[in-house]
Amino acid sequence: MAKKNISADQLISVIISGIEDVKGQGISILDLREIENTVCDYFIICEGTSNTQVNAIVNSVQKKVSKELKDNPWHVEGVDNAEWVLIDYVNVVVHVFQKQTRQYYDIESLWGDAKTTVIETSY
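Take our numbering: the last position of the sequence shown gets the number 935, and nothing is skipped along the way.
What the hints contain is simulated information worked out from the structure, not anything from laboratory work.
Hints are not guaranteed to be accurate.
As the list claims (entries may be wrong) - Here are the simulated lysine-lysine pairs, DSSO-like style, with alpha carbons at most 30 Å apart: (1) K875 with K927; (2) K911 with K876; (3) K835 with K882; (4) K927 with K835; (5) K876 with K835; (6) K835 with K875; (7) K882 with K927; (8) K835 with K911; (9) K876 with K927; (10) K835 with K879; (11) K927 with K911; (12) K911 with K875.
Could you put together the complete structure from these sequences and hints?
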């Protein structure tokens, strides 16, 4: 049976919900579609306050996407040290950082030409 096509908007919505379920902070969406030679269409970037919270965010996103969209990441890396975990859903790549690691790598500046949407949270 062929897997149904999931729109990027659906995937992003479920990923954001998964991040918010465990109170991930500083959520941003970078739209890379207008930039040449990018590896994907969107980056979703957020941060956790500890290794435990970073892992909780990663687990929440994976469980929610699997349950609601029946999709699994193509690749996940960085789980062992939980300072920067990358969840690759091919067209959407999720970066879950600890605060100091996010500041150090400053992906938002590296991809400064991308259209950025900041997600407001109520917690």
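Flag every earlier hint the structure violates by its number, smallest first.
Nothing - there is no hint that the structure violates, so all of them hold.
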